[in-house]
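Chains A and B, in that order, are what the protein sequence lines are. Take the first sequence: its position 91, counting from 1, is numbered 91 in full-length UniProt numbering, and each next residue is one higher. Take the second sequence: its position 93, counting from 1, is numbered 93 in full-length UniProt numbering, and each next residue is one higher.
Quick caveat, the hints were computed from the structure, so don't treat them as lab data. Where a beta carbon is used, it is the ideal one built from N, C-alpha and C, also for glycine.
Here are the computed lysine-lysine pairs in the DSS-like style, where the Cα-Cα straight-line distance is at most 30 Å:
no.	chain 1	residue 1	chain 2	residue 2
1	B	K36	A	K18
2	B	K55	B	K36
3	A	K36	B	K55
4	A	K36	B	K36
5	B	K37	B	K55
6	B	K37	A	K18
7	B	K36	A	K55
8	A	K55	B	K37
9	A	K36	B	K18
10	A	K37	B	K37
11	B	K55	A	K37
12	B	K55	B	K18
13	B	K18	B	K37
14	A	K18	A	K37
15	B	K55	A	K18
16	B	K36	A	K37
17	A	K18	A	K55
18	A	K36	B	K37
19	A	K55	B	K55
20	A	K36	A	K18
21	A	K36	B	K134
22	A	K18	B	K18
23	A	K37	B	K18
24	B	K36	A	K134
25	A	K37	A	K55
26	A	K55	B	K18
27	A	K55	A	K36
28	B	K18	B	K36
Not close to chain A: a few residues of chain B, all C-beta gaps over 10 Å, as computed:
no.	residue
29	S78
30	N81
31	G82
32	S114
33	D117
34	V119
35	A127
36	K134
37	E137
38	Y157
39	S163
40	T170
Protein chains: 2
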Amino acid sequence: MAASAGPEIERLIGLLAKLPGMGPRSARRAALALLKKREQLLVPLAASLAETAEKVTSCSVCGAPDTRDPCSICSDGSRDNGLICVVEEAGALWAMERSGAFRGKYHVLGGLLSALDGVGPDALRVAELVGRVKGGEAKEVVLALPATVDGQTTAHYLAERLSGSGVEITSLARGVPVGGELDWLDDGTIVQALRARRPA
Amino acid sequence: MAASAGPEIERLIGLLAKLPGMGPRSARRAALALLKKREQLLVPLAASLAETAEKVTSCSVCGAPDTRDPCSICSDGSRDNGLICVVEEAGALWAMERSGAFRGKYHVLGGLLSALDGVGPDALRVAELVGRVKGGEAKEVVLALPATVDGQTTAHYLAERLSGSGVEITSLARGVPVGGELDWLDDGTIVQALRARRPA
Numbered sequence: 001m002a003a004s005a006g007p008e009i010e011r012l013i014g015l016l017a018k019l020p021g022m023g024p025r026s027a028r029r030a031a032l033a034l035l036k037k038r039e040q041l042l043v044p045l046a047a048s049l050a051e052t053a054e055k056v057t058s059c060s061v062c063g064a065p066d067t068r069d070p071c072s073i074c075s076d077g078s079r080d081n082g083l084i085c086v087v088e089e090a091g092a093l094w095a096m097e098r099s100g101a102f103r104g105k106y107h108v109l110g111g112l113l114s115a116l117d118g119v120g121p122d123a124l125r126v127a128e129l130v131g132r133v134k135g136g137e138a139k140e141v142v143l144a145l146p147a148t149v150d151g152q153t154t155a156h157y158l159a160e161r162l163s164g165s166g167v168e169i170t171s172l173a174r175g176v177p178v179g180g181e182l183d184w185l186d187d188g189t190i191v192q193a194l195r196a197r198r199p200a
Numbered sequence: 001m002a003a004s005a006g007p008e009i010e011r012l013i014g015l016l017a018k019l020p021g022m023g024p025r026s027a028r029r030a031a032l033a034l035l036k037k038r039e040q041l042l043v044p045l046a047a048s049l050a051e052t053a054e055k056v057t058s059c060s061v062c063g064a065p066d067t068r069d070p071c072s073i074c075s076d077g078s079r080d081n082g083l084i085c086v087v088e089e090a091g092a093l094w095a096m097e098r099s100g101a102f103r104g105k106y107h108v109l110g111g112l113l114s115a116l117d118g119v120g121p122d123a124l125r126v127a128e129l130v131g132r133v134k135g136g137e138a139k140e141v142v143l144a145l146p147a148t149v150d151g152q153t154t155a156h157y158l159a160e161r162l163s164g165s166g167v168e169i170t171s172l173a174r175g176v177p178v179g180g181e182l183d184w185l186d187d188g189t190i191v192q193a194l195r196a197r198r199p200a
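If we strip away everything but chain A, and leave its shape as in the complex, we get (with noise of 0.2 Å):
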């Protein structure tokens, strides 16, 4: 595997196999293409991942990444406190600020529950939620989980461990795809399942 590229290009190239949809063929390509243009890619991409290294860091009441804590959303007085939207990643929160159709706050579990993987409450950030709905101005909580079996078991915990708290638990409407991600849809099935969420 192309030793004579170096230890350094191929650890660059190891690395690069690592990130979601790379594989060792396109990682040597990645890295064939930031020798090529150093100045404008290769030298960029390393400060760039050594700023996001050090000055982003999880928001410490909703857990996304951000380079400010509170972060920009939870810091934005303009947005809703009445209404909290639960979701399993940052590239989830992402997909319903890219929908335009929120203007509430975020929670950021962090994962899904998944017997299988062995993840139970305590690797998510639940208590914190708990925490949140409890001691807030939380009027709602919208659980936009994915369709999936993780996703929904998820769910059906979490609006569980709400009950009796006097807020509304609702979840994205069933205009998302069985077994879709939600960073995957498009910006319409967001909007039109979010106006139409419903009691979980």
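Assemble the complex: chain A is given as a structure, and chain B must be docked to it using the hints.
Showing chain B alone in chain A's frame:
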């Protein structure tokens, strides 16, 4: 487009999207994976890119990227100095090395002649090749260029420039599929094409 992610993450996504095989969506997924795997992926990749930018240069003899100059292949005394394999890019060099069928030296052109893109001989390392062939111990130059219009134009041009130097000019056998790129071939085809090389 995910304005909430902050300018640092937006910049990272924009740079990742410039990698071959990546688009805006897969770049977001990659950025998300990097943020989730900070210590296993984000920090090492940032360091690897910085190290590559700092240490890897082009070999002054053959033009291949390496941390050493001359590169590890050019300074390998066990390889045949009488044989020079001319390739378009380092990706093709790596493909040749993976095939294990070539034990000579290389010359990386840095591209192909292209009337359409306005790439002339001066934009490539042609003069360096002619100098190496005239001043060196080369007995045979193997043109391992893609079987595309630009690749074959470049091969004809090089064969003409090197004619009269007393060096045999060969090119890879027509085992290379027409329109195919060297980097994507299986090793067996490369081995056969190299064995059946013929005068250009």
